[in-house]
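Colleague: Spelled out, the chains give:
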Amino acid sequence: MSNETLLEVEGLKTYFHIEGKVAKAVDGVDFSIDRGETVALVGESGSGKSITSMSIMQLIPSPPGKIEEGAIKLEGKDLLSLSEREMMKVRGNDIGMIFQEPMTSLNPVFTIGEQLAEPMVKHQGMNKKDAKKRAVELLKLVGFPRAEETVKEYPHQLSGGMRQRVMIAMAMSCDPKLLIADEPTTALDVTIQAQILDLMQDVKKKYNSAILIITHDLGVVAETSDRVLVMYGGQIVENASAKDLFTNPKHPYTVGLLNSMPDVADEKERLESIPGTVPPAHNFPDGCRFAPRCKHAMEACTEAVPKLRENEPNHHVRCILYEDQGGEKE
Amino acid sequence: MSDHKRSTNEDSQHPSQPPEPSEGNEMTKKEKEHSPTRIVLKRFLKNKMAVLGIVLLVLITIISFSAPLITDHDPTSTDMLNIHADPDDEHLLGTNGVGQDNFARLLYGGQVSIQIGVYIAIMVTAIGVVLGSLAGYYGGKVDGIIMRFTDLFLIFPFLLMVLTVVTILEETSLLILVVTLGLIVWPNITRILRGTYLTLREQEYVLSARSIGASDFRIIIKHLIPNAIGPIIVNATVIMAQMIILEAALSFIGFGIPEPTPTWGSMLNEARNLGILTGQPHMWLPPGLLIVLTVLSINFIGDALRDAFDPKSKSRSS
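In order, the protein sequence lines correspond to chains S and L.
In this text, residue positions in the first sequence follow this note's numbering: the first is 289, and each later residue adds one.
In this text, residue positions in the second sequence follow this note's numbering: the first is 13, and each later residue adds one.
Bound-form chain L, shown alone:
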């Protein structure tokens, strides 16, 4: 303990020290024994809402992807003799307007939402990291070209673009939706990461890496990405949540993945009928609830990660 006290005092004599996890509180000693990754993990797990979010998200994912084990019904098979059925033993959540089992659609629908969220987050993060780090690290002309290109996409009326693409291609698939939505949201994350890299490249350790003969490529990949991992992961979660909502919204207005593939958005679509909206909440309440829960979980996780990566904001989260 006395050893720890001494080193803390010594640190406080250097006001130029960057905001690193060595503030003089009771966490300092524990944190000093761990790597940055473990420190972040530890702080993250202290946030109860985030842990709840992870549990919920994992649960929703597992249930969605093990749908064939849970229900015998095919979510796409129609039964015109049994439409708008109320819940019973056979159909736990009744059936929809064409006699498809709502419970099965709810389970399988989760697969689409989660896949959309994950795939777009990965695609957009990859584009953002590559372009953002090039623009931010090199600056000057490279930065100018990449950022003008990004601006071009930012001012694009994206909803119009999605509607046009979906209309032209008629057969929308998961892949097409992922690529289209990905093309729309990448500029945001690129701008954020460019900003992060602009700050990072001024750090002294970049200069010291160059002074031992490291190449630009090596500095970007090995020295800077690990330092930018906080903003990268946080933004990926934000995009994932946004995209799940966007997909639901597109499906709701009929421009998402087409029938008969079940999605939560297209289940909500059925609630446009006033009779169903007022009389059969079992048809639209579960998908709505699941969208909210999924997005909320992801947002909790994202917020907690942001706090965990930023040592200055840790008091807020607990």
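Just chain S, with the same shape it has in the complex:
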């Protein structure tokens, strides 16, 4: 563990107990994020990405959700041992969060300024007047040219991209150490997406925050991230630097994801797809969870869940194909 480590997630298990069934939405996730690092968490819908991020924030709807096991350490302090009251001080102050739906993430009855001021008044003990002033500065920072007027406007007066900028400003208002962005660009136009991603990078550099970006868009990953965690069936199946992952993907699932990405230079008639869907979280197959959809699957795959091994330096894979190898390439 380097002393640059900001967030450490160890053996996180978040289960949902619904009608007697146990949905293992997150089932033993380990990863860490260094200070100032941008980490992407990718995977299909239903792979447990969002639940992982909500677990870090402890915003899992409970019941039915429950963090069963594991530790989430922010600067060595275990967040799971904190009381709800202490956790409220972490949210918004140490960890900021941006959501997928900018259109509905702002309260329609308050002005932009009032909403931006709220975390600063709460966490930094600012009075309302100072917080409003700071809100104007923040809006300028995220690219509002007439910020003085925007603070007095209501969410319905802004477009989706604008609202996402406000959300970023709000998440950054207390200078958090970690910014969690849950599909921040999914609901936006492609042209706006690039702007928002650039903005997040700018803001990150300015405050030296780490970013955990959750997405199913590998284009976003390529553009932003230092490191990538690929998630499938509530587990991390591959953990590698972004460059490594794109040039040398190991896990058959990662390979499948990369192949199903459209490529302008390539003149493929049809995009490739991974057959089948993510298994429901209450009914995972025995052994490797990807085995039923994997073209390399063999008998041994269904016997035990493979371990996440460091196959090459800083490149972890959870696949039986690489279990005996120590650096050999396919």
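Please note: incorrect hints may appear among the correct ones.
[Said to hold, decoys possible] Simulated restraints on C-beta separations:
id, chain 1, residue 1, chain 2, residue 2, range
1, S, T535, L, I233, 51 to 57 Å
2, S, E374, L, I74, 51 to 57 Å
3, L, R160, S, E425, 47 to 53 Å
4, S, S333, L, I233, 33 to 39 Å
5, L, I233, S, A553, 54 to 60 Å
[As the list claims (entries may be wrong)] Footprint (simulated), chain S over chain L, 3 or more residues, beta carbon under 8 Å:
id, stretch
6, 205–218
7, 224–234
[To be verified] Derived lysine-lysine pairs resembling DSS-like cross-links, with alpha carbons at most 27 Å apart:
id, chain 1, residue 1, chain 2, residue 2
8, S, K494, S, K440
9, S, K301, L, K58
10, S, K312, L, K153
11, S, K354, L, K153
12, L, K153, S, K417
13, S, K421, L, K234
These are calculated hints, taken from the structure and not from any lab test.
Note that the structure is predicted; figures quoted are calculated from it, not measured.
Where is the CB? At the ideal position from N, CA and C, for every residue including glycine.
Following the hints, put chain L in place on chain S, whose structure we already have.
Modeller: Chain L in isolation, oriented as in the chain S frame:
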């Protein structure tokens, strides 16, 4: 103008946008410049019936509460030598069976009706907001307990309860009537507001409020009540109108505020005599008319508020 057009087009590219006041009509530009409260107010004032309702209600309220300035007669003083008098200069609407001045009773009676309506609406709304928001926001066990408790009151034979309370206590006062009627109608508004909160708590902005560290209490009070203000106000007006009628009905059958306090309902009570019903309409027509006008005004206001708060229904009202 061109600026406005551009932003409207941009909005229409997002089908997931909630139904907010930005439909592409001529109101859009004006509305965009105002806060939600001002938008509602503006739409409300466009409704002519609602404005008429407000004017009437304010007029009735002012006249009722300035009764001592308008008439010299004491509505409670009896004059056994001058009963069932026809209208004249002294008694504008004649006198009743015990010689009380009908005009004075009409004016003072309005005070009771309006007070009953307002007090019960406030009391019931307060109970409804507290219990409804707790049940709707927390859900689960809290919801279960509050809602079963509410069901208990809903199945209670309330008319029987009022009659029993009034009979037992003999001396019914305004306070007792307000509390009794309030206890009867609160379950309805609680259920409605619980439903509203159930929808609201799923909104993304609740999650984003929690993600910046807001407490449950703060979310309920600061983030959700302003968003639920539409249903809250609309239901308050409905209850106010209902309670004015209920009070009149109770007074009519003799279980309202007892004599000698004048109420519109007890004035109607006199019309149970066939001679008065056919021969002396000046005794019962004015209170009846005033009850209808008051309730109608409140209902117009309530309807207009409902339309004003709900952007999708605005075309219907104008």
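Colleague: Now look at each hint and say whether the structure bears it out.
Modeller: These are the hints, each one checked on the structure:
no., hint, in the structure
1, S:T535 to L:I233: 51 to 57 Å, "53 Å, holds"
2, S:E374 to L:I74: 51 to 57 Å, "55 Å, holds"
3, L:R160 to S:E425: 47 to 53 Å, "51 Å, holds"
4, S:S333 to L:I233: 33 to 39 Å, "35 Å, holds"
5, L:I233 to S:A553: 54 to 60 Å, "56 Å, holds"
6, 205–218, "holds (count 3)"
7, 224–234, "holds (count 4)"
8, S:K494 to S:K440, "26 Å, holds"
9, S:K301 to L:K58, "56 Å, violated"
10, S:K312 to L:K153, "24 Å, holds"
11, S:K354 to L:K153, "17 Å, holds"
12, L:K153 to S:K417, "41 Å, violated"
13, S:K421 to L:K234, "21 Å, holds"
This entry does not satisfy hints 9 and 12, going by the numbered hints stated previously.
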